[in-house]
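Enquirer: Just need the whole structure built from these sequences, with the hints factored in.
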Amino acid sequence: MIKILVMALLIFAGMVGYDALTDKPQPAAPAQQQEEKVNKHEKAAAMALFVSLLPPKEEWPSPMQKFYLAFNMDEVIDPIRQSPDWTSLDAMNQNIPQALIAIEDHAFYEHGAIAVDGILRALLVNISAGEVVQGGSTLTQQFVKNVFLTHEQSMERKIEEAILSLMLEDNYTKDEILELYLNTTYFGAGANGIKQAAAKYFGKAPSAMTLAEAAVIAALPYAPSALNPLENPQGCKERQLLVLASMHKYGLINQAQLAEAKAEKIYLTNGTAL
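Following the numbering used here, the numbering of the sequence shown begins with 3 at its first residue and continues without gaps.
Be careful, since some hints might not be right.
[As the list claims (entries may be wrong)] Straight-line alpha carbon distances no greater than 30 Å define the calculated BS3-like cross-link-like pairs of lysine-lysine that follow: (1) K251 x K176; (2) K147 x K160; (3) K264 x K206; (4) K267 x K197; (5) K267 x K239; (6) K197 x K176; (7) K267 x K206; (8) K202 x K147; (9) K147 x K176; (10) K239 x K264; (11) K197 x K264; (12) K160 x K68; (13) K251 x K239; (14) K197 x K239; (15) K68 x K176; (16) K202 x K239; (17) K147 x K197; (18) K202 x K267; (19) K206 x K147; (20) K251 x K267.
None of these hints come from the bench; they were simulated from the model.
Expert: Here is the structure:
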């Protein structure tokens, strides 16, 4: 118990120091930018020394591991960005992020890491429909759950998700989070991330996908295995139409684009059409 308390105090002190180092205004000149880089390296070195004084992280109690993670997310995120499959938002058809936002979190750019009104709205929609039609989690929360946490349904996990989501949005922009989401989400059929999904289902790069195909991709995070179009084309098609309707509802596409995408014949890599 004493060991755990000491560890907790050390971690707390380290995180306070970390916060003091990072709580700086954005640099306005090259000299300030260079100074910030130096400070960042100093901070990393100090943190490495601090952690080296503690037992291995694997031996830390779970809450302490999550506490450390909240202040050091780049240890997980930087390797993701270095993956050969990494695809920036600029390198993909813009209908892909728009379709995802429309169906999963249409107010993504307007709310914070946690959207209370979204949770309440989803609850009302699901009660009205008699089934789970919408989720209450923001895209930020979904990313945190997929990358940093387990899918365990517990109050402790929900609290960890909330804290990590708030920390993520404090350190990364909305575009960066959306980009991370699209590069890490499981889209079914063994495809992780947008590049693998585009190749798996359409034999294309994300930049070459059509609006109709983007809606298929956006349909999948809801239930990637169950809605895999190679195995369940009818179920996927129904969800795809819902995605397109949501895009039209929120003004992301016009009536002509909606009609064209609904009528488009989508050819999959297994030779079937959707």
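Enquirer: Is K267 within 30 Å of K239, Cα to Cα?
Expert: 11 Å, holds
Enquirer: What's the verdict on K267 and K206, does the C-alpha distance respect the 30 Å limit or exceed it?
Expert: Given that 30 Å is the threshold and the Cα spacing comes to 15 Å, the pair holds.
Enquirer: Taken at face value, is the distance from the CA of K147 to the CA of K202 at most 30 Å?
Expert: 24 Å, holds
Enquirer: Are K206 and K147 close enough, with their CA atoms no more than 30 Å apart?
Expert: 28 Å, holds
Enquirer: Hey, K68 versus K176, does the alpha-carbon distance stay inside 30 Å?
Expert: Holds, because 22 Å separates the two Cα atoms, which is no more than 30 Å.
Enquirer: Please verify whether K197 and K264 have alpha carbons no more than 30 Å apart.
Expert: Holds. K197 to K264 sits at ~23 Å (cutoff 30 Å).
Enquirer: Given the hint that K147 pairs with K160, test it: the Cα-Cα distance must not exceed 30 Å.
Expert: 9 Å, holds
Enquirer: Quickly compare the C-alpha distance for K239 and K264 to 30 Å and report which way the hint goes.
Expert: 9 Å, holds
Enquirer: Mind checking the alpha carbons of K147 and K197 for me, to see if they're no more than 30 Å apart?
Expert: 21 Å, holds
Enquirer: Take the C-alpha atoms of K202 and K239, compute the straight-line distance between them, and say whether it is at most 30 Å.
Expert: It holds: about 17 Å lies between the C-alpha atoms, which stays within 30 Å.
Enquirer: Holds or violated: are the alpha carbons of K197 and K239 at most 30 Å from each other?
Expert: Cα-Cα ~21 Å, so holds.
Enquirer: CA of K267 to CA of K197, is that 30 Å or under?
Expert: 21 Å, holds
Consistency with the previously given hints is maintained throughout, with no hint failing.
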